[in-house]
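Protein chains: 2
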Amino acid sequence: MEGQNGKHKKFSVLVLVLLLPLISFVSVVVVKPSTGKNLQVRKGSTFKITIFADLHFGEDTWTSWGPLQDIHSTKVMSFILDQEKPDFVIYLGDVLTADNIPIANASLYWDQALSPTKDRCIPWAAVFGNHDDAHFIWPTEWFSDSGIPPLKCSSLISSSSGEDNCIFMGTTRLQLMNHDIGSSALSFSQKGPNNLWPSVSNYVLKISSSDDSESPVAYLYFLDSGGGTYPEVISTVQAKWFNSTAQEINPDSRVPEIIFWHIPSRAYKTVAPSGVINKPCVGSINKESVAPQEAEHGIMKALEARPSVQAVFVGHNHGLDWCCPYKKFWLCFTRHSGYGGYGNWTRGARVLEINEQPFSLKSWITMEDGSLHSHVFLSS
Amino acid sequence: MEGQNGKHKKFSVLVLVLLLPLISFVSVVVVKPSTGKNLQVRKGSTFKITIFADLHFGEDTWTSWGPLQDIHSTKVMSFILDQEKPDFVIYLGDVLTADNIPIANASLYWDQALSPTKDRCIPWAAVFGNHDDAHFIWPTEWFSDSGIPPLKCSSLISSSSGEDNCIFMGTTRLQLMNHDIGSSALSFSQKGPNNLWPSVSNYVLKISSSDDSESPVAYLYFLDSGGGTYPEVISTVQAKWFNSTAQEINPDSRVPEIIFWHIPSRAYKTVAPSGVINKPCVGSINKESVAPQEAEHGIMKALEARPSVQAVFVGHNHGLDWCCPYKKFWLCFTRHSGYGGYGNWTRGARVLEINEQPFSLKSWITMEDGSLHSHVFLSS
Numbered sequence: 001m002e003g004q005n006g007k008h009k010k011f012s013v014l015v016l017v018l019l020l021p022l023i024s025f026v027s028v029v030v031v032k033p034s035t036g037k038n039l040q041v042r043k044g045s046t047f048k049i050t051i052f053a054d055l056h057f058g059e060d061t062w063t064s065w066g067p068l069q070d071i072h073s074t075k076v077m078s079f080i081l082d083q084e085k086p087d088f089v090i091y092l093g094d095v096l097t098a099d100n101i102p103i104a105n106a107s108l109y110w111d112q113a114l115s116p117t118k119d120r121c122i123p124w125a126a127v128f129g130n131h132d133d134a135h136f137i138w139p140t141e142w143f144s145d146s147g148i149p150p151l152k153c154s155s156l157i158s159s160s161s162g163e164d165n166c167i168f169m170g171t172t173r174l175q176l177m178n179h180d181i182g183s184s185a186l187s188f189s190q191k192g193p194n195n196l197w198p199s200v201s202n203y204v205l206k207i208s209s210s211d212d213s214e215s216p217v218a219y220l221y222f223l224d225s226g227g228g229t230y231p232e233v234i235s236t237v238q239a240k241w242f243n244s245t246a247q248e249i250n251p252d253s254r255v256p257e258i259i260f261w262h263i264p265s266r267a268y269k270t271v272a273p274s275g276v277i278n279k280p281c282v283g284s285i286n287k288e289s290v291a292p293q294e295a296e297h298g299i300m301k302a303l304e305a306r307p308s309v310q311a312v313f314v315g316h317n318h319g320l321d322w323c324c325p326y327k328k329f330w331l332c333f334t335r336h337s338g339y340g341g342y343g344n345w346t347r348g349a350r351v352l353e354i355n356e357q358p359f360s361l362k363s364w365i366t367m368e369d370g371s372l373h374s375h376v377f378l379s380s
Numbered sequence: 001m002e003g004q005n006g007k008h009k010k011f012s013v014l015v016l017v018l019l020l021p022l023i024s025f026v027s028v029v030v031v032k033p034s035t036g037k038n039l040q041v042r043k044g045s046t047f048k049i050t051i052f053a054d055l056h057f058g059e060d061t062w063t064s065w066g067p068l069q070d071i072h073s074t075k076v077m078s079f080i081l082d083q084e085k086p087d088f089v090i091y092l093g094d095v096l097t098a099d100n101i102p103i104a105n106a107s108l109y110w111d112q113a114l115s116p117t118k119d120r121c122i123p124w125a126a127v128f129g130n131h132d133d134a135h136f137i138w139p140t141e142w143f144s145d146s147g148i149p150p151l152k153c154s155s156l157i158s159s160s161s162g163e164d165n166c167i168f169m170g171t172t173r174l175q176l177m178n179h180d181i182g183s184s185a186l187s188f189s190q191k192g193p194n195n196l197w198p199s200v201s202n203y204v205l206k207i208s209s210s211d212d213s214e215s216p217v218a219y220l221y222f223l224d225s226g227g228g229t230y231p232e233v234i235s236t237v238q239a240k241w242f243n244s245t246a247q248e249i250n251p252d253s254r255v256p257e258i259i260f261w262h263i264p265s266r267a268y269k270t271v272a273p274s275g276v277i278n279k280p281c282v283g284s285i286n287k288e289s290v291a292p293q294e295a296e297h298g299i300m301k302a303l304e305a306r307p308s309v310q311a312v313f314v315g316h317n318h319g320l321d322w323c324c325p326y327k328k329f330w331l332c333f334t335r336h337s338g339y340g341g342y343g344n345w346t347r348g349a350r351v352l353e354i355n356e357q358p359f360s361l362k363s364w365i366t367m368e369d370g371s372l373h374s375h376v377f378l379s380s
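Chains W and E are the protein sequences, given in the same order.
Take the first sequence: its position 277, counting from 1, is numbered 277 in the UniProt record's numbering, and each next residue is one higher.
Take the second sequence: its position 339, counting from 1, is numbered 339 in the UniProt record's numbering, and each next residue is one higher.
Bound-form chain W, shown alone:
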């Protein structure tokens, strides 16, 4: 018990340290798409990607429980990164629980979530989930006798930071993405074209051949599936953007395409195993119903039309980690990687291994206890 109390104190100090620099707002650094940066297969090696989904940093910030979960999540990521030694990391949304972050600067928690990857000098890309720019939800108990806990804004009102820091508006997708991009040369995240707004994390990255940095081995597409401050959808304009971009850079569908977004599309419901996961599906947990996007506005038709599409990867459902075939490609869940967010299923991450010549896409789940499972070949 004494040990635990000691830990709590440490966490309280940590929380305090994290909350102190409230004055500094998210720096809005506008960075052009990653010209000059390149993702390239290393000679004689595969290209390995680790996907972390649903980390939910910043949950319950005003208790000791929340910050403790973030420490656990950091440990999970650190362990998995040391185990798998990936070439690239994808943060597949719900990096934050922004609805629990009672300060404008959610980027502090974003930085925490990215630190295991950054510390190991591994490049990354991020796509948003529905909790990343969610509105702050006020706990009703703060309005009864207990009042607002010590991290409250009223203490800020009298500070030199000015009363207008006292707005619980959170940090927008645009601010968060600018922060991510500007935070390190390791960030391969991008802001999408302006006409896709309010949807922000829409972009494509090329993985180049070990022989020739101009020659693409695969294209990774990131799409923002919305939620939080706006509806949980991939819009018609996004579907059109995917289509025109893919037509432009890969007109003959020669290069394999791999797709990443946060909230499963409605197509996931049509392939979901009922109960036990049997072949052709591959996975270890199927503990809840697919919670899909609110509507389907054409992205699935656009994917179906391209023989180069290999698989779609989503998070969102913490209790699902399967892959199932859908028409000519695969629909996969990741795995709950964080201690934040609902569910106590053992944490893990999905790994993708791309082989260059001949092209293959292999995947498995890597667990916080070091075990591996659910190996599957996803290439068509």
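Please keep in mind that the hints were generated in silico from the structure rather than gathered at the bench.
Heads up, none of these hints are tricks.
The list treats identical chains as one, so a pair stands whether inside a single copy or across any two.
16 Å max Cα-Cα, derived EDC-like pairs, lysine to aspartate or glutamate: (1) K301 with D145; (2) K37 with D87; (3) K240 with D145; (4) K362 with E84; (5) K75 with D369; (6) K37 with D212; (7) K118 with D87; (8) K206 with E248; (9) K327 with E304; (10) K43 with D211.
Could you slot chain E onto chain W? The hints should help.
Relative to chain W, chain E alone:
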């Protein structure tokens, strides 16, 4: 039909004009409580207050319907102000439908709502409703084929105003109140003490005797009943603030106290007429159930303890305009004053008439068609 089209065009131009100055954010002018300003009964006259509730300016801003309703609401207020010629106007919350205002600067619509009063040089005070700083709710249809309508933010991204104006965060209570206070010397609105935050519109105004500007005839208390970006409650701290303020400035309960907030407290449910409004209640419409605050954290007990409290006035329920006695004072609804917001009941406003010597508080409803009804004496 031609006439209507012409009107629509005029409204479109108006909308455009209103949306153009998006670059200018709400000016944050910090103004001290209204020292030097005074509300005083005119010699040989009563002191007349008109209450406008639930105007809902800025509703459906992207259609022609919404701006048209605002024009109707402006007409209602202008007519009533010319008819009643009040000494003071109270804006009793839901001045805006902020959840329909897709720009940061909700203060543009706030100014529109205040203009009939301002134009007539009548002083006013405002208290917030649950829609005044609500989060913007994205219409789902904007994500399908139709896309975001022409007032969309994407056009702003490329403007000189910078991409960060492209946040649909709305305007906070604090920003709105600073704007109101700074907009005119006629504003008697105040920001409440910082420790009541996020609740902002909490303050007390004194009406002075015609003989002696130091001698109070009545105290008007304004309380923020929350909602929108945080729960719909009057908190424990607010109740304590009311209690200590009233004890301090009116220790012997000699001066009558009149209370204003937006969302009915749960006590309203206990006195609500079922069906027809019979005595001792007085009113003309009882068309819906009382939609009360989420919890009761002590404000009613604080009011009950003071024999000086005469009545509480709320809005929120557009289909209710009754007053009913509750313990030693009255609980009153106003009347839907605006064309924005639900319900098509004929618009009106509640009038209060304070007589100085002997003190009396009379009230009635004044309608957009010029009729008056539901006269009632509210003084104890």
